[in-house]
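**Student:** Residue numbers (our numbering): 52 to 642.
Any given hint might turn out to be false.
Cβ-Cβ distance ranges computed for the label pairs, FRET-style [what the hints assert, rightly or not]: (1) 168 with 563: 17 to 23 Å; (2) 210 with 125: 34 to 40 Å; (3) 504 with 168: 49 to 55 Å; (4) 567 with 130: 28 to 34 Å; (5) 399 with 538: 25 to 31 Å; (6) 613 with 449: 43 to 49 Å; (7) 76 with 201: 41 to 47 Å; (8) 613 with 538: 36 to 42 Å.
Capping the alpha-carbon separation at 25 Å, the derived lysine to any residue pairs in SDA-like fashion look like this [claimed, not checked]: (9) 467 with 282; (10) 626 with 579; (11) 479 with 406; (12) 626 with 598; (13) 479 with 386; (14) 479 with 539; (15) 467 with 629; (16) 479 with 598; (17) 626 with 561; (18) 467 with 537; (19) 479 with 453; (20) 626 with 539; (21) 626 with 438; (22) 467 with 200; (23) 395 with 451; (24) 467 with 579; (25) 626 with 531; (26) 467 with 453; (27) 395 with 622.
Calculated directly from the structure, the hints in this document are not laboratory data.
Computed from a predicted structure; not experimentally measured.
Glycine included, each C-beta is placed from N, C-alpha and C at the ideal position.
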Amino acid sequence: MKCKIFTLSLAIAVSLLPVRVSAQAIEGFTVFGDSLSDNGNAFRATNGLFPPSPPYFNGRLSNGPVWIESLAETLNLTTTTTNFAFGGASSGTINTTVPFLPGVTTQVNGFLQNSPSISPDRVFVVWAGANDYLGGRVTDPAIPLGNISNILQRLTAAGTRTLIVPNLPDLGRTPGARTPERRAGLTQLSIAHNQGLRTSLQALAQSQPDVNIIPLDIGALLNEVFNDPARFGFTNVTQPCILSGANCDQFLFWDDIHPTTAAHRIVSEYALDILTAPQTIVPQAEIALGVARRPTRDLDGRLLTLRNPTQNPTQRLGVFVNGDFNFGSQDANDRSTGFDFDTKGVTVGADYRVTDDLALGLAFNYASSNSDLNNNRGRVEIDSYSLSAYGSYERDRFYADAVINYGWNDFEIDRKINATGFRSATAKTNGNQFSVRLNTGYNFGRDQLSVGPMIGVRYTRVNIDGYTERNGSILNLNVADQTADSVILNVGAQLSYDFRSPAATVTPFIAANYEHEFSNGSREIVTELVGQPGIPNRTRTGEPDRDFIRLSAGVQTQFANNLSIGVGYETILGKRDVSDHFVQARIRYQF
Numbered sequence: 052m053k054c055k056i057f058t059l060s061l062a063i064a065v066s067l068l069p070v071r072v073s074a075q076a077i078e079g080f081t082v083f084g085d086s087l088s089d090n091g092n093a094f095r096a097t098n099g100l101f102p103p104s105p106p107y108f109n110g111r112l113s114n115g116p117v118w119i120e121s122l123a124e125t126l127n128l129t130t131t132t133t134n135f136a137f138g139g140a141s142s143g144t145i146n147t148t149v150p151f152l153p154g155v156t157t158q159v160n161g162f163l164q165n166s167p168s169i170s171p172d173r174v175f176v177v178w179a180g181a182n183d184y185l186g187g188r189v190t191d192p193a194i195p196l197g198n199i200s201n202i203l204q205r206l207t208a209a210g211t212r213t214l215i216v217p218n219l220p221d222l223g224r225t226p227g228a229r230t231p232e233r234r235a236g237l238t239q240l241s242i243a244h245n246q247g248l249r250t251s252l253q254a255l256a257q258s259q260p261d262v263n264i265i266p267l268d269i270g271a272l273l274n275e276v277f278n279d280p281a282r283f284g285f286t287n288v289t290q291p292c293i294l295s296g297a298n299c300d301q302f303l304f305w306d307d308i309h310p311t312t313a314a315h316r317i318v319s320e321y322a323l324d325i326l327t328a329p330q331t332i333v334p335q336a337e338i339a340l341g342v343a344r345r346p347t348r349d350l351d352g353r354l355l356t357l358r359n360p361t362q363n364p365t366q367r368l369g370v371f372v373n374g375d376f377n378f379g380s381q382d383a384n385d386r387s388t389g390f391d392f393d394t395k396g397v398t399v400g401a402d403y404r405v406t407d408d409l410a411l412g413l414a415f416n417y418a419s420s421n422s423d424l425n426n427n428r429g430r431v432e433i434d435s436y437s438l439s440a441y442g443s444y445e446r447d448r449f450y451a452d453a454v455i456n457y458g459w460n461d462f463e464i465d466r467k468i469n470a471t472g473f474r475s476a477t478a479k480t481n482g483n484q485f486s487v488r489l490n491t492g493y494n495f496g497r498d499q500l501s502v503g504p505m506i507g508v509r510y511t512r513v514n515i516d517g518y519t520e521r522n523g524s525i526l527n528l529n530v531a532d533q534t535a536d537s538v539i540l541n542v543g544a545q546l547s548y549d550f551r552s553p554a555a556t557v558t559p560f561i562a563a564n565y566e567h568e569f570s571n572g573s574r575e576i577v578t579e580l581v582g583q584p585g586i587p588n589r590t591r592t593g594e595p596d597r598d599f600i601r602l603s604a605g606v607q608t609q610f611a612n613n614l615s616i617g618v619g620y621e622t623i624l625g626k627r628d629v630s631d632h633f634v635q636a637r638i639r640y641q642f
């Protein structure tokens, strides 16, 4: 942005720019822009003459680090961020303050000439336009908007896959806009620029759906600050702090144009929330899959009872109630927030032995699931209602079980926003679930002993309807429909033994299964800022662990008066960063 100072050559400036690369989920930032993003490039290129430091902080046009420095530090990307931004840069080729330093287009030209390839894991930042309007140099937004559009097109053509593109604050509300005419003119230019930029980004998103475009609505953010300064920790949003130097953390502006480092932190936190918000969406379908698997897990114990040879085949009708508690956690990774979960459920049902070999039944399942996202990132609550049909067939020591389930889910979502001035974005939505469980095995045992191999498959599919967040102000998101599925093959063995007495038969059992996940597991999460529609942010989830062990154990007691009770426990081993425990109690009466 505008500041009066000496000039030096572009060649010196470019030679002093750092370039570092490393491999991460986000490899690093590559930054093009003006003084709002300049981390000292102009200062180094002018041998410390611009901006004068002090009072400016280490060559920044502020009293501390600028927003992209704070953001990179938070994400541990400081050493892999390459910054080409120069104070005074216009969106074109000229620098409005130091004529021989680059404009933003010049910055991009130099980068593309010296970068034969672009890593798809790097995030490119382009923030430009303010210097075009300041000083009355440009009165037609089409000029800077055309420059920015050209920059974005060239970067994406070269291989860029993620762009961060901030719009402009209301330039008419800067302290340097001292007359009503000046304020009104700059405000109108800012509005027109931001509207045109949104249209341009929407067109780019539509034409290049493989490119992630992350718009930062800085205009809306600073309007929130102007309208409620105390909410963001400010007491003065109209005057510069540079002359007094006192309590600058309570000032929005450092000089006539540039924000304080406190304001830069607000921008950084806002950008961080937008970047990381999809990580809080990813767990929703994982949690829903766990809830959807519960009915088939719950009925496993009932099917074991139906295969129990101690049953009286003349007592064909049975009713039962099961209660269960599923709890555990999943650690965070670079694509998803970690979470702790617990699900409490109840199942009521009845079955009838159609023949001596075949029993069929129906059950109703209800579950209440609560999941807390790690690091105070939010909460997901699900109320699930489902119906199950099941059957068990047994002949000559061979058996086959089947369960089919369909259900409806109600979601309440609370996404915590850790950016200063914001609290939570909330939403309610619906979904459905479908699952099928097939299992077969053979009993090699004799008399009271049952032992043998088993093999089975479980298919689970969940859908979550798209929703729009509320209460998060300018950080509210539109979240598109989500679908996730799972296909798990299990191979294992089970063992049980009947301890018989005149009063009851007690049957402890254990089972172990090796399980393999066949579903791809990688899903696309699509979000967009409510205030920036038509510019979707597409995030790929990671793939789940493919192989793990499931262990289960329990005891079933069949009383002489036709009442039976049972308890069971199940857990998973070998699934990276996941713990899963399932406890169940059962009671049944047969007629």
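**Student:** Taking the hints in turn, state whether each one holds.
**Tutor:** Hint check results:
1. For residue 168 paired with residue 563, a C-beta distance near 49 Å fails the hint of 17 to 23 Å.
2. Checked against the given bound of 34 to 40 Å, the beta carbons of residue 210 and residue 125, roughly 26 Å apart, lie outside it.
3. Checked against the given bound of 49 to 55 Å, the beta carbons of residue 504 and residue 168, roughly 53 Å apart, stay inside it.
4. Distance hint check for residue 567 and residue 130: the Cβ-Cβ separation is about 40 Å, which falls outside the suggested range of 28 to 34 Å.
5. Evaluation of the 25 to 31 Å hint for residue 399 and residue 538 yields a pass: the beta carbon distance comes to about 29 Å.
6. Checked against the hint of 43 to 49 Å, the pair residue 613 and residue 449 fails, with Cβ atoms roughly 27 Å apart.
7. Under the hint 41 to 47 Å, the C-beta atoms of residue 76 and residue 201, about 29 Å apart, miss the expected range.
8. Distance hint for residue 613 and residue 538: a CB-CB separation of about 39 Å, consistent with the stated range 36 to 42 Å.
9. For a cut-off of 25 Å, the pair hint linking residue 467 to residue 282 stands: about 17 Å separates their Cα positions.
10. For the given pair, residue 626 sits about 32 Å from residue 579 by alpha-carbon distance, which is inconsistent with the 25 Å threshold.
11. In summary, the hint linking residue 479 to residue 406 is not supported, as the alpha carbons are separated by about 46 Å, beyond the 25 Å threshold.
12. For the proposed pair residue 626 and residue 598, the alpha carbon gap of about 7 Å is at most 25 Å, so the pair holds.
13. Of the supplied pair hints, the one linking residue 479 and residue 386 holds, its CA atoms being roughly 23 Å apart against a limit of 25 Å.
14. With a C-alpha separation of about 30 Å, the suggested pair residue 479 and residue 539 falls outside the 25 Å cut-off, and the hint is violated.
15. Between residue 467 and residue 629 the alpha-carbon distance is near 23 Å, which keeps this suggested pair within the 25 Å criterion.
16. Note on residue 479 and residue 598: the hinted pairing is violated, with a Cα-Cα distance of about 34 Å set against a maximum of 25 Å.
17. A threshold of 25 Å between alpha carbons decides the hint, and for residue 626 with residue 561 the separation of about 20 Å falls inside it, so the pair holds.
18. For the hint pairing residue 467 with residue 537, the CA-to-CA distance comes to about 29 Å; that exceeds 25 Å, so the pair is violated.
19. The hinted pair formed by residue 479 and residue 453 fails the criterion: a straight-line CA distance of about 33 Å is larger than 25 Å.
20. Between the alpha carbons of residue 626 and residue 539 the distance comes to roughly 13 Å, so the proposed pair stays at or under 25 Å and holds.
21. Between residue 626 and residue 438, the direct Cα distance comes to roughly 29 Å. Violation of the 25 Å bound is thereby established for this hinted pair.
22. Restraint check: the Cα-Cα separation between residue 467 and residue 200 comes to about 34 Å, which exceeds 25 Å; the hinted pair is violated.
23. As the CA atoms of residue 395 and residue 451 are separated by approximately 28 Å, the hinted pair breaks the 25 Å bound.
24. Between residue 467 and residue 579 the CA atoms are separated by roughly 17 Å; this keeps the pair inside 25 Å, and the hint holds.
25. Between residue 626 and residue 531 the alpha-carbon distance is near 29 Å, which puts this suggested pair outside the 25 Å criterion.
26. With a C-alpha separation of about 41 Å, the suggested pair residue 467 and residue 453 falls outside the 25 Å cut-off, and the hint is violated.
27. Between residue 395 and residue 622 the CA atoms are separated by roughly 16 Å; this keeps the pair inside 25 Å, and the hint holds.
Hint compliance for this structure: hints 1, 2, 4, 6, 7, 10, 11, 14, 16, 18, 19, 21, 22, 23, 25, 26 are not met, and every other hint is.
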